[in-house]
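From first to last, the protein sequence lines stand for chains A and B.
Every letter in the first sequence is one number past the one before it in the numbering used here, and letter 353, counting from 1, is 353.
Every letter in the second sequence is one number past the one before it in the numbering used here, and letter 6, counting from 1, is 6.
Source of the hints: derived by calculation from the structure; they are not laboratory data.
Where hints are given, some of them may not hold.
Partner residues aside, some chain A positions facing chain B, computed with beta carbon under 7 angstroms [to be verified]:
no. : residue
1   : 110
2   : 118
3   : 154
4   : 155
5   : 322
6   : 329
7   : 349
Chain A residues, not near chain B, derived (Cβ > 10 angstroms throughout) [unchecked claim]:
no. : residue
8   : 108
9   : 219
10  : 226
11  : 268
12  : 299
13  : 320
14  : 324
Treat the numbers as computed from the prediction; the structure is a model and nothing was measured.
Cβ coordinates follow ideal geometry from the N, Cα and C atoms, glycine included.
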Amino acid sequence: MAQPNRDNVADSVPPPKWPARFLPTAGLQSLIDVLIADDRLVIGPTIEQQAIVYDEMTSVNDLPRGWTDVQAPGVYRLEKRDDDAYFGYVVGPHSWKQFLFPPLTIVATADRVSADEAWDMQTPNEPPPRYAFLGVRACELAAIAVQDRVFLEGPYIDPVYQARRNAAFIIAVNCTQAASTCFCTSMNTGPKCTAGFDLALTEIDDGFLIECGSDAGDAILQQLETNDADHRHHQRATSAQQQAVDQISKTLDTDGIRGLLLGNLKHAQWDEVGNRCLSCTNCTMVCPTCFCSTVKEVADLSGDHVDRERQWDSCFNVDFSYMNGGVVRNSVGNRYRQWLTHKLGSWHDQFGQSGCVGCGRCITWCPPGIDLTEEVAAIRKTDGRQPADSEIES
Amino acid sequence: MTTTLPNATNPWLNQAATIVGIKSESPGIVTYDIVIDSNDVASGYLFRPGQFNMIYLPGIGEAAISISGAPCSAGGPGLGRGTSETPERSGDPCSLSIVHTIREAGNVTQALGKLNVGARVGLRGPFGSSWPVQECIGKDVILVAGGIGMAPLRPVVYEILRNREQYGNVTLLLGARSADGLLYGDEIAEWQASIDVQQTVDRSSDDWNGHVGVVTALLERMPIPRPNDTLLMTCGPEVMMWYAIKAALDRGMNEQSAWVSLERNMNCAIGLCGHCQLGPEFLCKDGPVFRYDRVASILRVEGL
């Protein structure tokens, strides 16, 4: 498993251990074939229901070749490009979290032999799928690193995430453009992929600059027919990557953002956004770092076999904070406040980093088009902190 | 700091367990003695006062319940092993039972109320932070318990009674809505020999001859001779804890000497599901016991 670089600061990257290679366009299918021959389930971008999502694939023809995405608050459309780039778009409603942290999974079981006997309590022992993720963007590498810290580095490790994560092979793709909703540069997570991948592709005119990030990546790379990557290849790749940087138009001012949000818990903006927010949970589902879940009991008809099923949940669901006959976060504004102050604020206290990677999905997929960068700006503009309010900041 | 069951490498794994004792404390409140079926696991089970287990009824669900027992089985000082520095064993050499006093509230606790001795359940734990009993050595101690909030504080009483000479003045203020909500009445008579126990009810009844009024009123009246060397630990309804702390601060104590046990919706108990968050705190792993100054500002925000 490639070790993620959580800080992801470009100037701390050491010189590459494996030199970059050039893979001609026609070689992309052989990359997929080699992965399949390595007993991998290749997951990559493909078009379904007029969106680019991540699904199982076996052929380059499954990729959205020649398509691009146009995104804005509450808007997602696909448009034809005037070239036939394989990766000429950014991110859609799916993220890779559904494969590492499945929306529905069994975490434990209980079986009863007879009414007098004890329940036989077990945890599942099946081997995880051997995924190859094709097309992971820099913001998504950062999101995987964020979820690594949640699921693997706390006092309790989630074995489901751990097994899938250890088995996953990651082929990153450097963005060559940006959507209007992207703000990875503000979060220091992209657009360039610097670490956390086994292989990384940058699409240029007649093929791909292919960089290697791990021994596992090198083992696959050796099985491909590649050429030396020369100065022209590097230059075109750098230029393509720069285009992504240049196209980023959205920013989030993260200066002191934790203290700003946690020091403004009674700000009027929470009720204001609560009037617009539908509490629909779209943002938490598309967010690549949201990790809330609920374990439910599912018994079979006999009642003698029980699955403990963990499902994705959301702090926007009304019952999420239900306790003793009431709901703690009883207004939409309270629930929006929980989501935003956690994502951009208390995530720092809990995990030592921001929970946001600047992918912009929550902005695109919000039906009323709420933009968290604007919500933060609104609070910053009328920051209600007094000197005496500094308690929660420290 | 938390401790887990030994050899529990998968934090989702429940231990098969059996109910070995049931005692009705008051209407709707029952104490269960539970023993983990595996002797290895049961004998290795350690907990600190204030921690909780997830009690599991397959097909119904799990409930987070504070441990209300002692170094030995339900009750009795002086039989424990180890020093106050080490986590306590829940059972004495004869009994490895883990004790929980439970109030019927939701699906799981209601189903539990229908079970008999010998019923099979599951258990995960212990989880969470613990009361600062170590810090109380040489100091005066005030325990303020409201209703079922007495249950997570009883292990503190047991611990103090086990080494009574190490602590200064110890006062337990116990309040409930009515007389039948005052827990552990039969033990309190024994405790009175070593610590000062005062009880009060919100609503009087014919069989009650004691104080009437909120428990914080007792706190306002009691002597606090050395407020800088006094620790307060409180558990009960959030508003009660808030007023108890306020009364203590008014009497010259400070926010670093007061400890609360908080409650939120709990699902996984291992810090991964997100339900129990209160501000930046996960109550299942950062709490449920907190020093008051850590949570003072977030407790004041409505609907957080």
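Verification of the hints:
no. : hint : result
1   : 110  : 4 angstroms, holds
2   : 118  : 4 angstroms, holds
3   : 154  : 5 angstroms, holds
4   : 155  : 6 angstroms, holds
5   : 322  : 6 angstroms, holds
6   : 329  : 5 angstroms, holds
7   : 349  : 4 angstroms, holds
8   : 108  : 5 angstroms, violated
9   : 219  : 30 angstroms, holds
10  : 226  : 41 angstroms, holds
11  : 268  : 14 angstroms, holds
12  : 299  : 4 angstroms, violated
13  : 320  : 6 angstroms, violated
14  : 324  : 6 angstroms, violated
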